[in-house]
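Assemble chains P and E onto chain Z, guided by the hints.
What follows is the residue order along each chain.
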Amino acid sequence: MSQHLLSIRDLDADTLKRLVADGQAFAKQGPTHRQDLLQGQTIAMLFYEPSTRTRCSFELAARRLGADVLNLDMQSSSSRKGETVADTVATLAAMGVRLFVMRHEERAAIDAAARALPDGCHLLNAGAGTRDHPTQILLDLLTLAREGHDIQRLDLSIIGDLRHSRVVNSWLQAIEHLGCHRLRLGAPGVFRPETVPPEATLSDTLADSIQGAQVIMALRIQQERLTKGTTGENELFHEHWGLNEARIAEWAPQAQIMHPGPMNRGVEIDSALADGPRSLILKQVENGVPARMAALAWLFSGDKQR
Amino acid sequence: MSQHLLSIRDLDADTLKRLVADGQAFAKQGPTHRQDLLQGQTIAMLFYEPSTRTRCSFELAARRLGADVLNLDMQSSSSRKGETVADTVATLAAMGVRLFVMRHEERAAIDAAARALPDGCHLLNAGAGTRDHPTQILLDLLTLAREGHDIQRLDLSIIGDLRHSRVVNSWLQAIEHLGCHRLRLGAPGVFRPETVPPEATLSDTLADSIQGAQVIMALRIQQERLTKGTTGENELFHEHWGLNEARIAEWAPQAQIMHPGPMNRGVEIDSALADGPRSLILKQVENGVPARMAALAWLFSGDKQR
Amino acid sequence: MSQHLLSIRDLDADTLKRLVADGQAFAKQGPTHRQDLLQGQTIAMLFYEPSTRTRCSFELAARRLGADVLNLDMQSSSSRKGETVADTVATLAAMGVRLFVMRHEERAAIDAAARALPDGCHLLNAGAGTRDHPTQILLDLLTLAREGHDIQRLDLSIIGDLRHSRVVNSWLQAIEHLGCHRLRLGAPGVFRPETVPPEATLSDTLADSIQGAQVIMALRIQQERLTKGTTGENELFHEHWGLNEARIAEWAPQAQIMHPGPMNRGVEIDSALADGPRSLILKQVENGVPARMAALAWLFSGDKQR
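Going line by line, the protein sequences match chains Z, P and E.
Our numbering applies: residue 6 is where the first sequence begins, and numbers increase by one.
Our numbering applies: residue 6 is where the second sequence begins, and numbers increase by one.
Our numbering applies: residue 6 is where the third sequence begins, and numbers increase by one.
It is possible that some hints are incorrect.
To be clear about the criterion: a stretch of chain E counts as covered by chain P if any three or more of its residues have a C-beta under 8 Å from a C-beta of chain P, and this derived list gives those stretches [unchecked claim]:
#1 32-40
#2 57-69
#3 146-160
#4 194-204
Cβ pair distances, simulated, as ranges [unchecked claim]:
#5 30(Z) to 19(E): 39 to 47 Å
#6 81(P) to 197(E): 31 to 39 Å
#7 282(P) to 44(E): 43 to 51 Å
#8 81(P) to 201(E): 52 to 60 Å
Hints are computed from structural coordinates only; laboratory data are not their basis.
Backbone N, C-alpha and C fix where the C-beta goes; we use that ideal spot for every residue, glycine too.
Looking at chain Z on its own, in the form it has when it is part of the complex (with noise of 0.2 Å):
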C-alpha cells in the first residue's frame, strides 16, 4: 500500500502535529538551503487547474528536498490526446515518477489517479475543486504554531465565501482530530455553507461572526466559482463583510488575519489591512514552503525503501 495526502482526513492528531513540527524545523533552514532527502527522485506536478502560486511553492519545496520537478502542461487539452487521468499517472509512474502533486477540478479526478497508481507511489492532492486542499491547512497551522497560537486555546473566525471553499472544509477536518476552543464562520446569503458541523457555530454579521477572535481568516470570494446571476453579490459582500482596519479595531482589536491568497483586494479584505501588522498572510506564505517539504517527505517516510 501506497501512502497519499488526499485529504485532512488521511492524517491523524499525531501526523498533523509530527508534520507542523518537521515544517518548523524546514523553516528554520531558510530558503537557499538544499537537501538531499529526495535526490534522485522526480515529483511530476499535474495541475489540471492553473495555479502559478501554488505549483510554484510546490516546486520550491521539492527542491529544497534534493528531489527534480517535472511540469506537465495539463491544461492544454491538445497535450493529452484524450488520455484518461489515469492512463497519464500509470504512464509516468512506469517512467519511475514516485510521487504526484495533483490540482483538479473534481475529487473524482484525484481519487482515479490514486486508484491507477502501482504500489510505491505517492499522490498528493494540492486543491480539488470545493472539496479538499490539505496542505493549505498544513502551512495555516505551522503559522499559528510559528505565531505561538496553541490551536486548542484558539478563537478563531473563518468568514467569506464558506460554501465554495475547499480551505474551509479542509480546515474543518483538521479541528475535527486537533479541536479548537471556538470556531466561528461567518458568511452571508450564497456563500453560506450546506451544513455547520457540531465544532462551529454560523454567524450571520460580520460582528457576531469577528467578535473577540484572535485570529480571523478571510477566505477568496471564488469569482470564477460563482454562478452566473450572482455579480453585485461581491459589492454586496464588500459592504457588509469586507474586512478593514477600523472594523477589526472595533471588534476583534487584538486579531491577526490570514487569507489563503489570492486576494481580491477590495473586495474580501482591504489593502492597508492585508499588508498591514495584524497580516500572516506573507507568513502563510512563506510557510507553505516548509509545511509542503513536510508532506512530500513524510509521503515517502513509509517506503523501505527508494
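Below, chains P and E alone, put in the same frame as chain Z:
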C-alpha cells in the same frame, strides 16, 4: 561532422544492438540512480507538436544522465516571432546547447534544423509526422530483449493505422537491418500502407494478420491525422480489427501485446487486454527512459571533448 | 536597500566596465562549466511578453551559476486570477525567491515590481516595452570587447526602427557613461526617434548613416509594435535601408554587422550578410549567456549574506 539521430537508417545493425545493450544496463540502475555522463550539458526540448509523454520520457532520461533540460514552448506561435527552425536551433547552439530533441510534423523541418547546427551539436528526431520515430523502435527492441525475445526468430504482427504511422515506418527500417523471422502487417481500407516492403506480408483480415503470432503490436488510430469524411472508420475498425482477449485467445494464444501509446481504449484495443497479463504496454513506457538514455549518451560518444 | 538592474542608468561607467570584464571571464569557461556562486538560489522568470530567446539565455546563465530556475507562465491570463504584479513578486519573495528576471510591455509594471520587493531581493529588467533592455547592451559591449573594439574609439552606426526600440534607448544611456568616438543613428519616416541626444547624429539616408562605419547595428523592425496602416513600410524599408553585402562593401567596407535578434531576414538584413564573415550576430547570442551571468552575479554581490 556531428552525429545526429534522425531516422533508424542512421544506425547500422551493430549500433542498434549496442544501444539495446546500453539500454539494458541503464534499465538495471533503476529510476533514482543518477549518472554524471552528461553533466554540464543542456538538452533543449523543441516540440512543435504536443507530446507530454515523449517529452517527459526524454526529460527523465536527460536528468538521469546528469544533463540540464531546457523546455521551449514551440507550439505557441507567439513565442516564435516568425523565426525559422534553422535560426532557432542555431541561436540555441550559440548559447551553448549541444543536443536538441525535436518533434515536428514535417521531416523537412527536422532536416533543416540538423543542417543549421554547427559541428559538435547533435539532433535527435523525437517524432516526425508520419515518417520517423527512431527512439520508439529502440524502446520496443529493448522491451523485446528484456522479455527474452530474439528479433531474428520472432513472429511479429503489426496492425492498425499503417498508413499514418511513423512507428511502423521506423520499424520496417529496423527490420531491414536486423531481420525478423516473420513479419505480418494488417490493416483495413484507409489504414493500409502505400507500399509493403519485401520483408513483410500484408493481410486484410485480423485473423490472417495475427494467427500464431508471438508478439502483436497494435498501433494508435491517429484520429488527429485522419482527413474529414472518414469518421465511422473508428467504429468499423473496432468491430473488425479491435484487439480483445477473446480474439487473441482464439488466434494467437501465446501472444504478448504491445502498443506505442497513447491508446484509444475501446478502439484499437480493449482495456482488459491493455491492462492484462499479456500486455507489455507499461513495460514499453518504462523502457523508454533507459532506451532514450542510451540514444542521448551515444550521440555525445563520438565527441573528442566536451 | 536591494540592488536592481532596471536600466543601464543603474550602472556607472566603472560598473559597466567591471561587468564586461566579468563577462569575459565567464565566457572563457565555456558552456559546460558550472559555478556554485548562486547555489541554493532560485531565479524566477516572469515574462509577461513572450521571448524564447531571452528567457533561454537567462535560464542557461542562471544554471551555469548554480542557481535553480522557476519558470512562470505570465502570458496566460488564467494563471493570474487578477493578481497584481506587486502581489505576484511579493508572494514569490515570501517563498524564498531572491532574484526576479522580468519582461513586461510597460516599464511602470517593472518599477511596481521593484517597489514591492522586500530587502535582499533583486529585480532584473529583461526588456520593458520600447524603453529599456539593459542586458542586451551588456552583451553587445562584451561582443565589442571580445572583438578588440574600444567603444571610446569606435565609429558606430545604429539603423532601423529607432522609435520602437528599447535597444537603442539603452545603448544611448550606455554611451552617456562610456562615450563613443562617433555615433550615427539612421532611420526613415515612421522609424525616426522622437529625440536625438547630443552624443549622436541622425541621418536620413543609409549611405550617410553608415559611410565608413566600423560597426553597424541593424535593429529589428518591430512588426508587432507597429500600428495598423503602416503595412508597406517593411517593403519600403527593405528597398532603401535593408542591409546587404553590396551596400556594405560600397559604403563601409571594413564594417562588422550586429543585430539584437530575432532577425526579419529579407527585411532589415539579407541572409547572406547575416550569415557571412562580417556578421557578429551569433557571437552576440553566445555572449548573451556570460554577460547575463555577470549581471546576475553582480546583483547578489552586495548582499551581506545569502
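(Q) Does the beta carbon distance between residue 30(Z) and residue 19(E) stay inside 39 to 47 Å, or does it fall outside? (A) Holds, at about 44 Å.
Q.
Is 31 to 39 Å respected by the C-beta to C-beta distance linking residue 81(P) and residue 197(E)?
A. holds, 33 Å
Q.
Within 52 to 60 Å: is that where the Cβ-Cβ distance between residue 81(P) and residue 201(E) falls?
A. violated, 37 Å
(Q) Under 8 Å between beta-carbons, do enough residues of the segment 146-160 of chain E, three at least, approach chain P for the coverage claim to hold? (A) With 0 residues close enough to chain P, the hint is violated.
Q.
Tell me if the beta carbons of residue 282(P) and residue 44(E) are separated by a distance inside 43 to 51 Å.
A. The hinted range 43 to 51 Å holds for residue 282(P) and residue 44(E), with Cβ atoms some 48 Å apart.
**Q.** Outcome, coverage hint (the segment 57-69 of chain E, chain P; C-beta under 8 Å; three residues)
**A.** holds (count 7)
**Q.** Per-stretch coverage check for the segment 32-40 of chain E, three Cβ contacts closer than 8 Å to chain P
**A.** holds (count 5)
Q | chain P covers the segment 194-204 of chain E, three or more CB atoms within 8 Å, holds or violated | A | violated (count 0)
Hints 3, 4 and 8 from the list above are not met by this structure, while the remaining hints are.
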